[in-house]
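Enquirer: Sequence:
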Amino acid sequence: MKHRGRHRRRRRGQALRAVLTGTALGLTAAATLISASQATVADDPGPLKPLAAADTAKLRLQERPVPRRTLDRLASGMGRPVGVDSVLRSADRTLRTAAECAADDRDSLPVAPEPERAYCWDPADTAVPDWRTASVTTSADADDDGLWGEHRVVLAGATHRGTDGPAAGRDLARVAFVDADDPARLAYRWVLLVIPTADGRDYRGLSSQVSGMVWYQDKLLVTTATGRADALYVYDLNRIQRTTVDGTAIGRVPGGWSADGHRYVMPAVAAYRYPAGRCTATGSPCPGTISLDRGTAPDSLVVGEETAAGSDRRARLWRYAFGSDPARSGLLATDAAGRADAVEAYTTRAAGIRGLLSYRPPGSARPVWYLGHPPGDLDGHGSLWRQDTEGARSARCGSDAAHHCWAEDAGSLSYAQRTGEVWSVTDRMLFAVPLTAIDRSLG
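Numbered according to mature numbering (1 follows the signal peptide of the UniProt record, and there is no 0), the sequence shown spans residues -42 to -1, 1 to 401.
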């Protein structure tokens, strides 16, 4: 279905080629795919509605740390953990700038606002299209100076959704560690996400989609698959382990450690679980996307509920505060029993939310929320709305009624406060758009 969808989009773009012009990034006319019939004012999600206090109890999480002895035993068997610098120094692939990318790849970028920077993945990755990139976070989330050590870093999460090859059916998850020091040459290396066994003598792959992730201090929080009791997994950026065997197996093997061909693995150090059990439409919500808000005190994790594109059910948006205890760096604020409660919650009519930001403009008493979501038929460009309790506005292109200007197959959003950039991904591209450009594009 994925490839047939691309062919439909290409034909539609060719029909518009005579009347549409390319963008500053060299986007072809096929990129726009926009007409008034594709998006009408009926898409407007309207104002956010505060969630009743009685309903926020369903958002409570229970922290479940992996025992320190488990992690230490795994490290003892695999060797001393390494950090982000080691992964960056071993980068073996390069992102290409937009001008070097195929037209089909550039077609997936936003039409309005235009990306300031855009990159496509190394041919070694695009030759096997079974991995879908859907989430992003940066060192601007990790530290307020925008750097991790001396490096500017972008992390992009991908899930294996293919039906062929050794990884078929395992839904593996991995993260690209991107060295973004030189905007003209981004190099990266993949790290496989794994779960240690209870005894610490082995690990298994994280069999879950990663539709959202946040790098905060030394921790990486990632979303989990629909229908799980675990809402989020937590990874420690100082506990990356080297593998020693290049094979398709995952875990301990004769002669050492293997990870489906990946040189590094990152074992989970904790999880956040709904005490009420698996996420459902009416009970505990399934997290679809997450991001960091540095405009609150303390910093907070914002979460968007996963709902089907085109659904008429109101989705929930909420936030958790991060803790301030240095001994619990990068973890949510919890009570003595390890429970994290939502500190703010709303509902929205936006369906199929793929990206989410909360940002407090200078001089504003309350934050505004940016929501990215796809067209109802999942074929074509999505839309990006700025929403608050008074209403919603979106970028428009082509006509007053055309809202579908955002990326195609768009992923999560990450705001870099010092540079003012909003990073996001499609399943083929990594790109950055100034937040000021997003606001200027709003109809």
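Simulated from the structure, these hints should not be mistaken for lab results.
Note that CB positions come from ideal geometry on N, CA and C, so glycine has one too.
You may find that some hints are simply not true.
Unchecked claim - Pairwise CB distance ranges (calculated):
#1 211 to 58: 33 to 39 Å
#2 400 to 157: 51 to 57 Å
#3 400 to 206: 29 to 35 Å
#4 43 to 212: 26 to 32 Å
Enquirer: Against this structure, judge whether each hint is valid.
Expert: Results of checking the hints against the structure:
The given range of 33 to 39 Å is respected by residue 211 and residue 58, whose C-beta atoms sit roughly 38 Å from each other. Against the hinted window of 51 to 57 Å, the Cβ-Cβ separation of residue 400 and residue 157 comes to about 54 Å, which satisfies the hint. The beta-carbon spacing between residue 400 and residue 206, approximately 48 Å, falls outside the hinted interval of 29 to 35 Å. The supplied range of 26 to 32 Å is met by residue 43 and residue 212, whose beta-carbon atoms lie about 31 Å from each other.
Checked against the numbered hints listed earlier, the structure breaks hint 3 alone; every other hint is satisfied.
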